[in-house]
Amino acid sequence: MFSIFKKKRKKIIDATLGTLTFRKSNQIDESYWNVDRKINSINELVEFYIYNNSEGITEKQKQLILSIEKKYPELINSLESFLNMKIKKLDSDYSNISIESDLNVSFINIPENPTELNKWEINYVEKKGFTIYGIEIENWKPTDLGISA
308 MFSIFKKKRK KIIDATLGTL TFRKSNQIDE SYWNVDRKIN SINELVEFYI
358 YNNSEGITEK QKQLILSIEK KYPELINSLE SFLNMKIKKL DSDYSNISIE
408 SDLNVSFINI PENPTELNKW EINYVEKKGF TIYGIEIENW KPTDLGISA
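According to the working numbering, the sequence shown holds residues 308 to 456 in order.
By construction, these hints were calculated from the structure, which means they are not laboratory data. Every residue, glycine too, gets a C-beta built ideally from N, C-alpha and C. Do not take every clue at face value.
Simulated restraints on C-beta separations [claimed, not checked]: (1) 320 <-> 435: 33 to 41 angstroms; (2) 401 <-> 336: 39 to 47 angstroms; (3) 377 <-> 399: 34 to 42 angstroms; (4) 367 <-> 343: 32 to 40 angstroms; (5) 445 <-> 366: 13 to 21 angstroms; (6) 401 <-> 320: 24 to 32 angstroms.
List time: in silico DSS-like cross-link candidates among lysine-lysine, alpha-carbon distance up to 25 angstroms [what the hints assert, rightly or not]: (7) 345 <-> 378; (8) 395 <-> 434; (9) 426 <-> 448; (10) 434 <-> 378.
Produce the complete structure using the sequences and hints provided.
The following block contains the structure:
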(Lines of atoms letter the chains of each structure in order from A and count residues from 1; the text may use other names and numbers.)
(Lines give C-alpha, C1' and ligand atoms only; values in the text may rest on other atoms or scores of the structure.)
Protein backbone atom coordinates (compact mmCIF):
# COMPACT_ATOMS: atom_id res chain seq x y z
CA MET A 1 0.00 0.00 0.00
CA PHE A 2 2.77 2.48 0.84
CA SER A 3 4.72 1.78 -2.34
CA ILE A 4 2.46 4.12 -4.33
CA PHE A 5 3.87 7.06 -2.37
CA LYS A 6 7.53 6.25 -2.95
CA LYS A 7 9.33 8.39 -5.46
CA LYS A 8 11.30 6.50 -8.03
CA ARG A 9 14.78 8.00 -7.97
CA LYS A 10 17.10 8.11 -10.94
CA LYS A 11 20.09 5.82 -10.48
CA ILE A 12 23.25 5.22 -12.43
CA ILE A 13 25.85 2.55 -11.94
CA ASP A 14 29.45 3.64 -12.16
CA ALA A 15 32.03 0.87 -12.65
CA THR A 16 34.27 2.38 -9.95
CA LEU A 17 31.95 4.13 -7.49
CA GLY A 18 28.96 1.80 -7.62
CA THR A 19 25.30 2.88 -7.56
CA LEU A 20 24.66 6.61 -7.45
CA THR A 21 21.16 7.88 -6.62
CA PHE A 22 19.93 11.30 -7.74
CA ARG A 23 18.14 13.62 -5.31
CA LYS A 24 16.36 16.46 -7.08
CA SER A 25 16.46 19.97 -5.62
CA ASN A 26 13.62 20.84 -3.27
CA GLN A 27 14.34 24.59 -3.57
CA ILE A 28 16.12 24.55 -0.19
CA ASP A 29 18.93 22.18 -1.15
CA GLU A 30 20.71 21.83 -4.46
CA SER A 31 20.35 18.67 -6.55
CA TYR A 32 22.93 16.02 -5.81
CA TRP A 33 23.97 12.44 -6.37
CA ASN A 34 24.40 10.18 -3.36
CA VAL A 35 26.74 7.22 -3.09
CA ASP A 36 27.86 5.21 -0.07
CA ARG A 37 31.53 4.24 -0.17
CA LYS A 38 33.62 2.09 2.12
CA ILE A 39 36.75 4.00 3.07
CA ASN A 40 39.20 1.44 4.42
CA SER A 41 40.88 3.85 6.83
CA ILE A 42 37.50 4.68 8.41
CA ASN A 43 36.12 1.11 8.47
CA GLU A 44 32.57 2.25 7.79
CA LEU A 45 30.37 3.33 4.92
CA VAL A 46 30.62 7.03 4.20
CA GLU A 47 27.92 8.95 2.36
CA PHE A 48 29.13 11.20 -0.42
CA TYR A 49 26.85 13.99 -1.65
CA ILE A 50 28.01 14.98 -5.12
CA TYR A 51 26.33 18.19 -6.25
CA ASN A 52 25.38 18.11 -9.92
CA ASN A 53 22.41 17.94 -12.26
CA SER A 54 20.45 14.85 -13.30
CA GLU A 55 22.91 14.04 -16.10
CA GLY A 56 25.43 12.56 -13.65
CA ILE A 57 28.71 13.49 -12.06
CA THR A 58 31.88 14.74 -13.72
CA GLU A 59 35.15 12.90 -14.04
CA LYS A 60 36.76 15.59 -11.86
CA GLN A 61 34.23 14.86 -9.08
CA LYS A 62 34.86 11.13 -9.38
CA GLN A 63 38.63 11.61 -9.21
CA LEU A 64 38.25 13.83 -6.13
CA ILE A 65 36.26 11.10 -4.34
CA LEU A 66 38.96 8.55 -5.14
CA SER A 67 41.67 10.97 -3.98
CA ILE A 68 39.83 11.62 -0.70
CA GLU A 69 39.60 7.88 -0.06
CA LYS A 70 43.31 7.50 -0.69
CA LYS A 71 44.50 10.61 1.22
CA TYR A 72 42.11 10.53 4.18
CA PRO A 73 44.56 8.75 6.56
CA GLU A 74 47.13 11.51 5.88
CA LEU A 75 44.54 14.23 6.63
CA ILE A 76 43.26 13.03 10.02
CA ASN A 77 46.00 14.71 12.09
CA SER A 78 45.64 18.09 10.38
CA LEU A 79 41.83 17.91 10.56
CA GLU A 80 41.95 17.05 14.26
CA SER A 81 44.45 19.82 15.04
CA PHE A 82 42.40 22.36 13.08
CA LEU A 83 39.16 21.30 14.79
CA ASN A 84 40.65 21.50 18.28
CA MET A 85 42.34 24.86 17.60
CA LYS A 86 39.08 26.43 16.33
CA ILE A 87 37.00 25.09 19.22
CA LYS A 88 39.60 26.17 21.80
CA LYS A 89 39.23 29.76 20.50
CA LEU A 90 35.49 29.56 21.21
CA ASP A 91 35.71 27.80 24.58
CA SER A 92 38.90 28.00 26.66
CA ASP A 93 37.64 25.23 29.03
CA TYR A 94 37.30 22.82 26.13
CA SER A 95 39.11 19.45 26.17
CA ASN A 96 40.48 18.03 22.92
CA ILE A 97 38.46 15.87 20.55
CA SER A 98 39.90 12.77 18.97
CA ILE A 99 38.43 12.20 15.52
CA GLU A 100 39.00 8.47 15.79
CA SER A 101 37.60 8.06 19.34
CA ASP A 102 34.94 10.77 19.61
CA LEU A 103 33.52 11.32 16.11
CA ASN A 104 32.00 9.44 13.18
CA VAL A 105 32.12 10.66 9.61
CA SER A 106 28.57 11.75 8.84
CA PHE A 107 29.00 12.63 5.16
CA ILE A 108 31.31 14.25 2.62
CA ASN A 109 30.17 17.01 0.22
CA ILE A 110 31.66 17.22 -3.25
CA PRO A 111 30.89 20.55 -4.98
CA GLU A 112 29.67 20.76 -8.55
CA ASN A 113 32.98 22.27 -9.64
CA PRO A 114 35.79 21.21 -7.27
CA THR A 115 38.40 23.17 -9.32
CA GLU A 116 42.11 22.49 -9.21
CA LEU A 117 42.12 23.28 -5.46
CA ASN A 118 40.08 20.15 -4.73
CA LYS A 119 37.59 21.98 -2.53
CA TRP A 120 35.26 19.74 -0.48
CA GLU A 121 33.71 19.38 2.96
CA ILE A 122 33.70 16.61 5.56
CA ASN A 123 31.08 16.44 8.30
CA TYR A 124 31.60 14.64 11.58
CA VAL A 125 29.00 13.84 14.24
CA GLU A 126 29.76 13.11 17.88
CA LYS A 127 29.54 9.45 18.88
CA LYS A 128 28.09 10.49 22.25
CA GLY A 129 26.15 13.65 21.57
CA PHE A 130 24.50 15.62 18.83
CA THR A 131 27.09 18.15 17.70
CA ILE A 132 28.03 18.18 14.02
CA TYR A 133 31.35 19.59 12.84
CA GLY A 134 31.65 20.58 9.18
CA ILE A 135 35.21 21.16 8.02
CA GLU A 136 35.84 22.78 4.64
CA ILE A 137 38.97 21.60 2.90
CA GLU A 138 40.82 23.28 0.08
CA ASN A 139 44.05 22.05 -1.48
CA TRP A 140 44.08 19.24 1.15
CA LYS A 141 44.15 21.70 4.07
CA PRO A 142 41.27 22.58 6.43
CA THR A 143 40.12 26.18 5.85
CA ASP A 144 36.87 26.67 7.79
CA LEU A 145 34.76 25.07 10.52
CA GLY A 146 31.01 25.09 11.01
CA ILE A 147 29.45 23.74 14.22
CA SER A 148 25.80 22.85 14.71
CA ALA A 149 23.84 20.92 17.31
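Hints versus structure:
no. : hint                            : result
1   : 320 <-> 435: 33 to 41 angstroms : holds (37 angstroms)
2   : 401 <-> 336: 39 to 47 angstroms : violated (31 angstroms)
3   : 377 <-> 399: 34 to 42 angstroms : holds (37 angstroms)
4   : 367 <-> 343: 32 to 40 angstroms : violated (21 angstroms)
5   : 445 <-> 366: 13 to 21 angstroms : holds (20 angstroms)
6   : 401 <-> 320: 24 to 32 angstroms : violated (45 angstroms)
7   : 345 <-> 378                     : holds (14 angstroms)
8   : 395 <-> 434                     : holds (20 angstroms)
9   : 426 <-> 448                     : holds (9 angstroms)
10  : 434 <-> 378                     : holds (23 angstroms)
Checked against the numbered hints given earlier, the structure breaks hints 2, 4 and 6 and satisfies all the rest.
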